[in-house]
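These protein sequences, in sequence, are chains A and B.
Every number in the working numbering is 86 more than the matching position in the first sequence, counting from 1.
Every number in the working numbering is 38 more than the matching position in the second sequence, counting from 1.
Mixed in with the good hints, there may be bad ones.
Derived Cβ-Cβ restraints for the label pairs, each shown as a range [as the list claims (entries may be wrong)]:
#	chain 1	residue 1	chain 2	residue 2	range
1	B	Thr-81	A	Gly-145	45 to 53 Å
2	A	Leu-198	B	Ala-124	38 to 46 Å
3	A	Val-97	B	Leu-154	29 to 37 Å
4	A	Thr-89	B	Leu-130	16 to 24 Å
5	A	Leu-135	B	Val-138	37 to 45 Å
6	A	Gly-145	B	Arg-116	35 to 43 Å
7	A	Gly-144	B	Leu-130	27 to 35 Å
8	B	Leu-158	A	Ala-122	26 to 34 Å
9	A	Ala-201	B	Val-120	33 to 41 Å
10	B	Ser-140	A	Gly-145	33 to 41 Å
11	A	Val-157	B	Leu-98	19 to 27 Å
12	A	Leu-142	B	Ala-123	25 to 33 Å
Residues of chain A placed beyond 10 Å of chain B at every Cβ, according to the derived structure [unchecked claim]:
#	residue
13	Val-94
14	Trp-105
15	Lys-117
16	Tyr-121
17	Leu-139
18	Gly-150
19	Trp-181
If you are wondering where the hints come from, they were derived from the structure by calculation, not from laboratory data.
Yeah, the Cβ is synthetic: ideal placement off N, Cα and C, and Gly gets one too.
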Amino acid sequence: MLTPLTVVVAVAALLQAAWCGYAAFRDQPVKDWHYAGMAAVLLLTLAQLVVGLVALGGGERPAGDGTAVFVSYLVMVVLCLPVVAIVSLGERSRWGSATVSAGALVLAVLELRLADVWAGGVGG
Amino acid sequence: MAERGVGVGGRPDLSRGPGRLLVTLYGVFTVAAASRSVYQLSTRFDEAPLAYLLSALAALVYAFITVSLVRGGETARRVALVCCAAELTGVLVVGTWTLVDSAAFPDATVWSDYGLGYLLLPLILPVTGLLWLRGARPAGPAGAARE
Chain A
87 MLTPLTVVVA VAALLQAAWC GYAAFRDQPV KDWHYAGMAA VLLLTLAQLV VGLVALGGGE
147 RPAGDGTAVF VSYLVMVVLC LPVVAIVSLG ERSRWGSATV SAGALVLAVL ELRLADVWAG
207 GVGG
Chain B
39 MAERGVGVGG RPDLSRGPGR LLVTLYGVFT VAAASRSVYQ LSTRFDEAPL AYLLSALAAL
99 VYAFITVSLV RGGETARRVA LVCCAAELTG VLVVGTWTLV DSAAFPDATV WSDYGLGYLL
159 LPLILPVTGL LWLRGARPAG PAGAARE
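Isolated chain A, as found in the complex (with noise of 0.2 Å):
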């Protein structure tokens, strides 16, 4: 697994959480510019998820058995964004960037999940 594009993608999310979360706070709606944020981190956990399978199918497995639960947040790593951006393009208020900046933490911390799952730490 390519821990280099695992940080980069969770700093992204982070980043995309914060500015996002930051519109909330000065009562502004999703704009433009944060759908376009959206779309590259969009394209960085397709990037993941296209990285993350060519390993599996090269042979490369996490540590111990965690195979299935390694795919599966890799596939709701790139649903993430995608679903709060609907919800967002239906609430033009402050609550729908709020509700991106959530989606984006919550991609942050599957991040986390995923470098740990790859290490072996399934937990269920």
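Starting from the known structure of chain A, fit chain B onto it as the hints suggest.
Same frame as chain A, now just chain B:
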């Protein structure tokens, strides 16, 4: 509409404003708890049946709250209130239980250690939910009489 989060006729509209955020977070937790319990129950049920059944129960409660919140309306608000209270009780009971008698839980549940593994969100969510649902209570008898 007088205020975000309050629909026509004072009926709390849980699909707008802060309700949106709440619903989204509950959706996230439904997916998290459900996938966790499906995985645990299907692969390692014998290891820690109590913990895994509690995970499944947590998933059901989250799913129920999410659906109630999405449906909206006064009935949904009351159901969601009850579920949030049940959830808070669950977190507190299971959290205390895992600390006092950790032998009963060889593996963690969503609610272990008051949800510490999930940034304490399992504890924060129901409290926020309860507060917000109270705030969204319809002002007049007209709202209360609905449904």
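Tested hints:
no., hint, in the structure
1, Thr-81/B / Gly-145/A: 45 to 53 Å, "22 Å, violated"
2, Leu-198/A / Ala-124/B: 38 to 46 Å, "29 Å, violated"
3, Val-97/A / Leu-154/B: 29 to 37 Å, "23 Å, violated"
4, Thr-89/A / Leu-130/B: 16 to 24 Å, "37 Å, violated"
5, Leu-135/A / Val-138/B: 37 to 45 Å, "41 Å, holds"
6, Gly-145/A / Arg-116/B: 35 to 43 Å, "54 Å, violated"
7, Gly-144/A / Leu-130/B: 27 to 35 Å, "46 Å, violated"
8, Leu-158/B / Ala-122/A: 26 to 34 Å, "32 Å, holds"
9, Ala-201/A / Val-120/B: 33 to 41 Å, "38 Å, holds"
10, Ser-140/B / Gly-145/A: 33 to 41 Å, "38 Å, holds"
11, Val-157/A / Leu-98/B: 19 to 27 Å, "25 Å, holds"
12, Leu-142/A / Ala-123/B: 25 to 33 Å, "43 Å, violated"
13, Val-94, "22 Å, holds"
14, Trp-105, "17 Å, holds"
15, Lys-117, "17 Å, holds"
16, Tyr-121, "17 Å, holds"
17, Leu-139, "18 Å, holds"
18, Gly-150, "12 Å, holds"
19, Trp-181, "5 Å, violated"
This entry does not satisfy hints 1, 2, 3, 4, 6, 7, 12, 19, going by the numbered hints stated previously.
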